Amino acid sequence: MLKKLIFTLFFFATICMAAQNEYQSHNGEIMKENTLEIIINKPVAEVFEFTTNPINTPSWIDCILQEKTNEWPPRIGTIYKNHGNSDDWSVYSVTKYEKYKEFELVKADSSTYHVNYSYIPISTNSTKLIYHEWVIHGKLESPFTHQTLNQLKKIMEKTDYSS
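For my numbering, add 17 to where a residue sits in the sequence shown, where the first one is 1.
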């Protein structure tokens, strides 16, 4: 019984350590893409407006301290710039924009990193957000985790944006 318990604990510890290694997939390959989904109990318009507004980004993505755009509202060709603890700005260009449905950015310095947000209304007050990021060459440097999307859900569901 003790051996079985030790094996079980070792097994779960190994799984937890592997799950924290965000740079490799479940089969050990380097991650070139990452897809996450979450249901947010807010209308699709509110989720879309909140996630595309650069003022809100630092509240739900911990590594971003500031984000801004060259124009508002965004459209295809809009430039988003953000930075974390360093003074280096990351620059992205909007390549897809369909209001309340889809929003996609490509990193300007290499055109190899892409991120796509898809918004699917589940009901009048519930939205499925699909977050998909990928690189054409290389590997994902800092892939999103469910923790980031859970932070977004928590912030959005505790606040009334309808007024």
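Treat the hints with caution; some may be incorrect.
Said to hold, decoys possible - Each computed EDC-like pair below joins lysine to aspartate or glutamate, with the alpha-carbon atoms no more than 16 Å apart:
#: 1; residue 1: K116; residue 2: E63
#: 2; residue 1: K85; residue 2: E63
#: 3; residue 1: K145; residue 2: E50
#: 4; residue 1: K124; residue 2: E66
As the list claims (entries may be wrong) - Ranges between beta-carbon positions, derived for each pair:
#: 5; residue 1: K85; residue 2: T176; range: 20 to 28 Å
#: 6; residue 1: A62; residue 2: S103; range: 17 to 25 Å
#: 7; residue 1: K85; residue 2: E174; range: 39 to 47 Å
Hints in this document: simulated from the structure, not taken from any laboratory.
Note that this is a predicted model, so its numbers are computed, not measured.
C-beta: ideal position from N, C-alpha, C; glycine also.
Tell me the numbers of any earlier hints that the structure contravenes, in ascending order.
Numbers 2, 3, 4, 6 and 7, in rising order.
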